[in-house]
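Using mature numbering (1 follows the signal peptide of the UniProt record, and there is no 0), the letters of the sequence shown correspond one by one to residues -23 to -1, 1 to 618.
By construction, these hints were calculated from the structure, which means they are not laboratory data.
Treat the hints with caution; some may be incorrect.
Claimed, not checked - Heads up, simulated SDA-like pairs for lysine to any residue below, C-alpha to C-alpha not over 20 Å straight-line: (1) K161 <-> P183; (2) K300 <-> H333; (3) K12 <-> V60; (4) K354 <-> G417; (5) K479 <-> Y360; (6) K300 <-> D256; (7) K479 <-> P469; (8) K12 <-> P141; (9) K300 <-> G323; (10) K487 <-> T331; (11) K289 <-> A313; (12) K479 <-> D256; (13) K195 <-> T106; (14) K321 <-> R344; (15) K255 <-> K479; (16) K300 <-> T106; (17) K295 <-> V60; (18) K237 <-> T482; (19) K487 <-> P183; (20) K12 <-> T128; (21) K300 <-> S580; (22) K255 <-> A570; (23) K321 <-> N332.
Keep in mind the model is a prediction, meaning the values are calculated, not measured.
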Amino acid sequence: MMMLIRATLAALLLAISLHSAQADERILHFVSDVKVERNGELIVTETIRLRAEGREIRRGILRDFPTVYTVRDGRRVEVGFNVESVTRGGAEEDYKLERLSNGVRIRIGRADRTVTPGQVTYVIRYRTTRQIGFFQNFDELYWNATGTGWTFPIDVAEARITLPEPVNFTQSAFYTGPQGATGKDAAIIEQRPGVIVFRTTRPLPPRSGLTVAAAWPKGVVAPPSQTQLARYWLRDNLPVFIGGAGLLLLLGYYLYAWLKVGRDPRGGTIIPLFAPPKDMSAPAVRYVANMEFDDRTFSAGILDLAVRGGAKLVDVGKDMQLKYVGAGTGVSRPVAAMSDELFKSGATLSLNNTNHKKIGGAKEKLRRELSTLYIGKLFSNNYRWTGIGIMLWLLLAAAVAISIFLTYGSELGGAMLFGTAFAGPALIIMTFFVLGLIFGRTGFLTFLFGFLFTGAFAVAGIAVILGAAYEATHSLFSAYSLAMLLPALVAPVIAIAFVLLKARTVAGRKVMDEIEGFKQYLGVAEEDRLNYLHPPEKTPELFERYLPYAVALDVENRWAERFAGVLATAAAAGATTAAWYSGNRDIASNPGAFADRIGSSLSSTVASASTAPGSSGGGSSGSSGGGSSGGGGGGGGGSGW
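Whenever a hint applies, use it, and build me the whole structure from the sequences.
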C-alpha cells in the first residue's frame, strides 16, 4: 500500500514538473537573417518563435535595438535603423517605436488585445546602416544576432549572413553567453560562397545571446563616401560640433567687441605733474584710473575727507574710529555724500562690522556718485556689449544641452545644464578673484577664501557633468565629455571680457595721462629726476595734502619715504602735524609704517567692516577572435508586455 502511495505521489510530482517546464515562457527559435547590400546597408529579418502563457507576454513583445554605441576611444557612433514590417502568425501586427537612451524600442501588439497562450511567431523586418567594419585588408560584419537583453531563455538561436555576391569568407567567429562572455556553444552549420549560417548547440539562459562575425575580401561592399562620412561625423558629434562652433562664435564676438569698443585711445607723452587732475578727489583718481570701485577707493575717500578737515581718524587698538569734525574744505560731492551717510546717526563711528550697514551704505553712496560723474564721460563699462556675450554664452549652453538631449536623451542634457548652473557662475566668480589678485585689488586672504569657497561649487558642478558623461559614454575624457564641459569651462571668458571691454573715452585718456604723470611725481624713487622740473617745496602740509592720492595710486610708501627728513625736522621743531589723525603711530619717526597703516591696513579694515558678520565674500575585428558575446552591431534584447 505504501509503495502504491509513493508511486502515485512521484507520478504527480513528475507531471507537475513537466507541465511547469512546458508552461515556461521562452523563445523556442530565434533566427536573424541578415542580407548585406552592396551599399553597406543591412536588411535584417528576425523570426522569433516563442511560447506565450499570459504571464509576461500578455499583449505582445518588446524588441529593443541599440542605435548608439560608444567605441573604445570614447567616440559616439549612431547607426541607422528603420522598421519595414512586423507580422504575427503571418499577418501584419500593430507596433510603435519608443525612444530609449541608447536606441529604439519596438512595442509590438496593442494594449486592448491579448495574445492567445501557446506558440506565437513574430517576424520583424528592418533596415540598418553603418554596421559593416571596413578594415585595411578585409571587410567584416560583427553582429549581435539575438542581443543579450532578453528576459526569456532561448532554446535555439540562429544567424544567417548573405553577401551581395558569392565570394568566400576569409575568417569567421562566434560567441555565446552574457554580455562580454566568449562562450563557444555554437557551430557553423552551413558555409558556401556568399552565405554562412551559425547555430547554438545548447539553450541560452536569460540575458545571454549569440554574437557572430564574418569577414570577406574587400570590394564586395562599397565603403561610405567622404560625403557620407562627413554626415556620419556630424551626427555622431553633434554636441561637439555645436559646442566648438558656439565657442568660436563667442570668442569671435568678444574679439570683435574688443576691437570695436574695448581699446583705449592712444595715450600722449607722460610727464611728471605736481598736482592731481583738476577737481578730482583721491577716490575719483583711483576710480578713473582702474575703471572700477574697490575697497581702497573707499579708503582713499575716508582719508581725503579727513585730510580736508571733514573728519578725524582715531587709531585705537585694533579698531579705527572716525569722528565728524565739520564740512571740511574743498570736499568733493562724492566724498561729501559718503560723509553724510557715515555720520547720519552720530558723530563717531567705529570701523568694524558692527556698523557694516552704515559703512556698506557709505561705500555704495560713494560708488554711485563716482559712477554718475565719470561713467560715460571718462570711460565706459560697455556692459551692453558684455551682456550680449552673456546671452551668447547662455545660448551656447542651451544649444549643447539640446544637442545632447537629441543624441543621448533628456537625463544627460538635464545633468549637463544642472552642472553648468553650478560650475559656470562659480568659475566666473573665481576668475574675478584671480584678476583681483593679479591687479592688486584683492588681498591674498580674501582671494584664498573666495577662490576656495566658489571653487567647491565649481568642482561639484564639474563632477555632476563628468559623472553623467561617464554613465553615458563610459569615458571621462572623451570628446563628448569635453562638449558637455565646454559651456562651464568657457565661462571665465565672461569675467575677462568685463575687464577687457572697459575703455576710456578721448577725454578719459587725457585725464589718465595726467593721473599717470601725477603718479610719477608721487612715486618717483630718484628725486634728482624731478629737480630740473622745479617741483614744489617738500613740507609736512604737502605730504598730508597728497597722501590720500598716494594711497589711491598705491605709492603711499614711496611718498612717505621722501618726506622722512622733512617730517623729522618739523617734529624736532615742535610743529604739529596731521591734526586729522590721532593714534599710536609716530608719523615723524617712521612715516613709511604710518603710510602703510593708513593705506593697506585702512583698506583691510573697511573691507571687513562693510561685511555683515558671518557672511562670505575605434572598434576592433570580431572575426579574428577578439570579440565577445554582446559585441558588434545589432543586439539589444526584449521582453513581453
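Checked hints:
In summary, the hint linking K161 to P183 is supported, as the alpha carbons are separated by about 17 Å, within the 20 Å threshold. Among the hinted pairs, K300 with H333 is consistent with the structure: their alpha-carbon atoms are about 17 Å apart, no more than 20 Å. About 15 Å separates the Cα atoms of K12 and V60, which keeps this hinted pair within 20 Å; it holds. Simply put, K354 and G417 have alpha-carbon atoms about 25 Å apart, too far for the 20 Å limit, and the pair is violated.
Proximity of K479 to Y360 is assessed by CA-CA distance (about 8 Å); at most 20 Å being required, the pair is judged to hold. As the CA atoms of K300 and D256 are separated by approximately 25 Å, the hinted pair breaks the 20 Å bound. Taking the CA atoms of K479 and P469, the gap is near 16 Å; set against the 20 Å cutoff, the hint holds. Between K12 and P141 the CA atoms are separated by roughly 8 Å; this keeps the pair inside 20 Å, and the hint holds.
At roughly 9 Å between alpha-carbon atoms, K300 and G323 fall within 20 Å of each other, so this suggested pair holds. For a cut-off of 20 Å, the pair hint linking K487 to T331 is broken: about 42 Å separates their Cα positions. As the CA atoms of K289 and A313 are separated by approximately 15 Å, the hinted pair is consistent with the 20 Å bound. Between the alpha carbons of K479 and D256 the distance comes to roughly 23 Å, so the proposed pair goes past 20 Å and is violated.
A threshold of 20 Å between alpha carbons decides the hint, and for K195 with T106 the separation of about 18 Å falls inside it, so the pair holds. The hinted pair formed by K321 and R344 meets the criterion: a straight-line CA distance of about 18 Å does not exceed 20 Å. For the given pair, K255 sits about 23 Å from K479 by alpha-carbon distance, which is inconsistent with the 20 Å threshold. The straight-line distance between the Cα atoms of K300 and T106 is roughly 83 Å, outside the 20 Å bound, and the hint therefore fails.
This hinted pair does not check out: K295 and V60 have alpha carbons roughly 80 Å apart, beyond 20 Å. For the hint linking K237 to T482, the alpha-carbon distance of about 13 Å falls within 20 Å, and the restraint holds. The straight-line distance between the Cα atoms of K487 and P183 is roughly 82 Å, outside the 20 Å bound, and the hint therefore fails. Restraint check for K12 and T128: not satisfied, since their Cα atoms lie roughly 27 Å apart, outside the 20 Å limit.
Annotation: proposed proximity of K300 to S580 holds, straight-line Cα distance about 18 Å (limit 20 Å). About 30 Å separates the Cα atoms of K255 and A570, which puts this hinted pair outside 20 Å; it is violated. As the CA atoms of K321 and N332 are separated by approximately 12 Å, the hinted pair is consistent with the 20 Å bound.
Checked against the numbered hints given earlier, the structure breaks hints 4, 6, 10, 12, 15, 16, 17, 19, 20, 22 and satisfies all the rest.
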